[in-house]
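Novice: Each chain, written out:
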Amino acid sequence: MSRQGAPMQAAAAITRIPVSAIGRGPLRSALSATTALPTASPTASPSAPPTAPPAAARTHGGSALHRFDTAAGAHLLVVDGSRVYDLPPAEAAAADRALAAGPAAEQALLARLNLAAARPAVVDDDIGTPPVTALALNIAEHCNLGCGYCYADGGSFGQAPRREAMGWAVAQAAVDRLVGGLAPGATARLAFMGGEPLLARALLRRATEYAGEACARRGLRLQLALTTNATRLTDDDAAFFAHHGFAVTVSLDGSAALNDRLRPRRGGGGSHAQVLARLPALLARQGEAALPGRPRLRASARITVTPLHRALRGDVEHLIGLGFAAVGVAPSLVAADAALRIADGGFAELLAQIVDVADACERQLLRDGKPDAYPFANLLDALRELHRGTHRPLPCGAGAGYLGVAADGALHACHRFIGDDAARFGDLGRGIDDQARGAWLAQRHVHRQQPCASCWARYLCGGGCHHEVLHRGRAACDFIRGWLDHCLRSYARLSDARPELFG
Amino acid sequence: MKQPTPAPAAAEPSSRPGGGPRARNRTARAAAPDFNARAVGNPATARLESGVGNCFPGLEMDVRNLEGRFFPGILFRVVTQPLRPVPEALPDQAGIRLVYLDYLNDPMLPQRGGEHWVQTLLDTYMSKVGTSLSNGRWYLHWLEQEGKRIACSAEDGTPYDGETLWRFVRCLRADVPLKIAVIQRDAPDPQPVVELTGRRRRYTGDDGVIDTAYPPGELTESMCNPWQHDFRDCACYYWASNHPDVVLGEIDRTAPSDAVPADPDQALTWLDWLRRDRSPAGNVAAPPSRAEARAWQLDHFEINRRWQELAYVIEGHEVGAVYHPPRHERATPYPDAAAMIDDLRHRLAPLEMTLCCAYLYGLFSLRDPAHDHRHGAWATMHDDLVAARQAMTLLAVGEMTHLRWANQLLWELDAAGFYPGGEHYEPVLDVLAPPRLWLGEPLPDLQALSPDILRRYAFIERPRGDLDRAYARCVATLEQPAYPRHLFELAVRIDSDGVSHYERFDQLARTLGAYGAQDATAPYLRPLQLGTEAQAREALQHLARLMAALKSGYQAQARRDPQAAQRAITEARAAMDVLRQEAEQLARHGIGVPLFDALAPAP
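Protein sequences appear in the order of chains A and B.
Reminder that position 114 of the first sequence reads as 114 in the working numbering, one-by-one numbering, no gaps.
All you need for the working numbering is the position in the second sequence, starting with 1, plus 1000.
Chain A with its partners taken away, still in its complex shape (with noise of 0.2 angstroms):
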């Protein structure tokens, strides 16, 4: 794995959480094969206020309600059960002094709309131990690249870096072990990581056909996923990923200045152009007809935002010119070289940049309602699921649905754990061990968290990416407000004017 990304999502496989009906617009489906990785929850600073918001907007946030304005008029969320509503002026008013007055208000203000409900949409119960539904291998743990903010440190994780690869037995057991804890008609979900997993090519392409012969068998389907800095990436390889339907995840930076500075080959030089020569074998694959049951080849192409991006809409739009099916942005926050970090009073122009790059997108939405046209990731996620009305108590599905696998076995939260006793939970010889990943989720619950538990933002964020919450704390967290509080007046703009994008 040579680039930061938050975990995979699999809220699916969170089982306790309430999802609500699925939207049937092309949003959905133009989104729901975006990548294996989502967005990064993006954490803010603390101390330095966002950007100030366009002044026709206003936002305002208690701990039950929170108040923002469009052009066409006042809107609510309802943070339980994430429900947006339309205002009328004199209740815009009434819930602005609600949300003055403090929590007690709120909730009269509920009643008296009629939108509280019976019981709240996110519970305290115990999430219990979901079922385990993906797989990420860490197949090789070590990378051509020397990334100065990747996570894995180069994908040996802190460690003392080891040339071979994850081994057969170990790739084969935890196919095993993901295949036959589900039931027949279940998907199965395995993602390919490192270091650089194609430095392990043999590994991935037999654990890749060992994984379809044992789900046909047993009447799964199977989704396959990899993320990869593309340096090694080969014309067969191509044919490969297309031919087996995975969603590939192509790290990279932007231009190839910014590439070069940020992503150096270990022993000097840059690896743009190196890149740059092999990305199209894989993007003309896109959308080539794959085995019967898999989803076609999409390659989407993921940015790690440091404080050295300036123009962050010219690199996605570089990026989108490629030919990727979607790109999205990560901020960098625990790089361990703090240049490459975005420090605590870096998150107002990060805002401001995410939000540069979401307008232009929103504009192109509002040209020609195609999302194709500008896929940006991190917007068009964040309409499916305002629309959906996710609301959830934990932010991914790290440790729920989803384990990451080591290279010897080992059974982690996540990919970013690897190497992290904290969050390891048994390994594939002995099982998983539920006791310790039932304590973790309970642990890791948003009601659990500061200062989480009264925050407007709570069921949408979740709580933020763990392993960034954990090893710096929640600094983020008025990012992150910001680029709710702009999501939604971009979705209560767009589900105007665009409504057909929705359904």
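For the record, the hints were derived by calculation from the structure and aren't laboratory data.
All of these numbers come straight from a predicted model, not from anything done at the bench.
Some hints could be false.
[As the list claims (entries may be wrong)] Sample of chain B residues lacking proximity to chain A, with all beta carbon distances greater than 12 angstroms (derived): (1) PRO1021; (2) THR1027; (3) ASN1135; (4) ALA1281; (5) ILE1314; (6) TRP1405; (7) ASP1414; (8) PHE1418; (9) GLY1590.
[Unchecked claim] Rough simulated footprint, nothing fancy, chain B against chain A, three-plus residues with beta-carbon under 8 angstroms: (10) 112-125; (11) 189-203.
Cβ atoms here follow ideal geometry from the backbone N, Cα and C, with glycine treated the same way.
With the hints as your guide, set chain B onto chain A.
Specialist: Quick look at chain B alone, frame taken from chain A:
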């Protein structure tokens, strides 16, 4: 990625002044106490109150088992006389039998606080009388309500059958005192009788919930056998009516043949769908009656094991392992909606009326075996004429359906705003103006159905012939996303409806062609001549009334007034019936109704 469907109307303003909050996203809508906002869930058809609930015995539950507990504290069961009782069977088993007492947990019999009759009844059950009811064979002896008593056996003592008695129980009222008597049939004479007073149970509460007296499983314990069984035999024919009795054989659709199948017999022999012999050797014509066919069909035990050998049937033909939809050449769409509307108004709808009239005229040209007795010389002509008249009626009705659909396409296109500026839907009820040609070929005319003519009609209606593809351009046009989807589906229905017309005409030609003459002198035909207006005056008056009612009905449909439409259609049907009788009467005298002249378009 799917193209987004066009937004139907301008988006509503996001706030309604004076109204409450307006739900915008999915969880908000789902939480709203707004009955117009339906969350995804079980469809209405899955709910008990909308169940089919036929009573034979029922689909969700055996409705008869409700009456098993019609009297509080007792479980009765209906016992019917077996078809073939064995000599060793106990006598007098038919009737309504007391199975056991069950009064401890009966909600109608609370231990405390009930009405006076409740306590009396409970005391009876708990006494020696109750003990005696638990021994021996006790049967319902009589029922009495409001001073009327119905005995459960005939005067000579023969007990009525249980199903007969069940009907009496069904007639009981729930809110009025009820007295019953039970008699012990296996005791020596005089057989003891016990009288009990109570009320009939209310089977459901005010909210429709079934009374809790019924333990789990009791209401469904006598349900039908496995569904495979029912496919073979179902006494109410519900399941059996879900499969065809006879089907046509599989046709090879992978061959790119353009017209008639090379071997007509392959596609035109009616096979028994339930035949036991599924090999090609078993593809013989089905016997003409069910009794004759029975011996060759899958039996109950066999069908439970071999149901998967039964064939899917699509468009009347058996389909093998893989269904190849017939390949249609893509027709060119019309350049615009106006061109399509013009074609529908001036060619396609009038085509349907033309065919309808021609087929009706053909129907009237066939002798009616009930009235004409010339068939006496021909052993089979009676049945053949009955079948042929039936077939022609169905064909004519088919064209009437198409006419309605063509009009419906037009009025829906108007409703959706596709009519050219200023114009609006007007019902199309004319025939084509002469010369009545279709792509250069003459259409069916008002003439008798001689075998020659029948073969011509079959040729005209052949699959992938010009008539068969008449609506192909409509289908291609309406498939475009600018049009509401239901119009495309309607067009597809019309377009794909023609296959059976060809088969019917072909069969008619073969069957009726066996009577010797191939022209209008064929013995099964009436000597029909096209009549004048004066000769057919009355029939034409009925026709005019019919057309007026039809026009008014279509207009009512177009402006979404179903009640007015219903009235108009009812009147049209009445006119049709009288017209038919009048036309038959004329035809018996050799006069054919000049339908084309009456329905010619205005110049």
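Novice: Work down the list of hints and note, for each, if the structure agrees.
Specialist: Here is how each hint holds up against the structure:
Taking the minimum C-beta to C-beta distance to chain A, about 4 angstroms, the non-interface status of B:PRO1021 is violated against the 12 angstroms cut. At roughly 3 angstroms from the closest C-beta of chain A, the C-beta of B:THR1027 falls inside 12 angstroms, breaking its exclusion from the interface. The beta carbon of B:ASN1135 sits about 52 angstroms from the closest Cβ of chain A, which is more than 12 angstroms, so the claim that it is off the interface holds. With a least CB separation of 36 angstroms from chain A, B:ALA1281 remains clear of the 12 angstroms interface cut-off, as annotated.
Distance to chain A confirms B:ILE1314 as a non-interface residue, since its nearest Cβ pair spans about 24 angstroms, more than 12 angstroms. Non-interface status of B:TRP1405 relative to chain A is upheld: no Cβ of that chain comes within 12 angstroms, the nearest being about 29 angstroms off. Separation of B:ASP1414 from chain A is adequate, the least Cβ-Cβ distance of about 24 angstroms exceeding the 12 angstroms criterion. Distance check for B:PHE1418 against chain A: the nearest CB is about 20 angstroms away, which clears 12 angstroms, and the non-interface claim stands.
With a cut of 12 angstroms on Cβ distances, B:GLY1590 stays outside the contact zone with chain A, its closest approach being about 64 angstroms. Coverage of the stretch 112-125 of chain A by chain B holds [criterion: at least 3 residues with CB-CB distance below 8 angstroms; count 5]. Counting residues of the stretch 189-203 of chain A whose C-beta sits closer than 8 angstroms to any C-beta of chain B gives 0, which falls short of three, so the coverage hint is violated.
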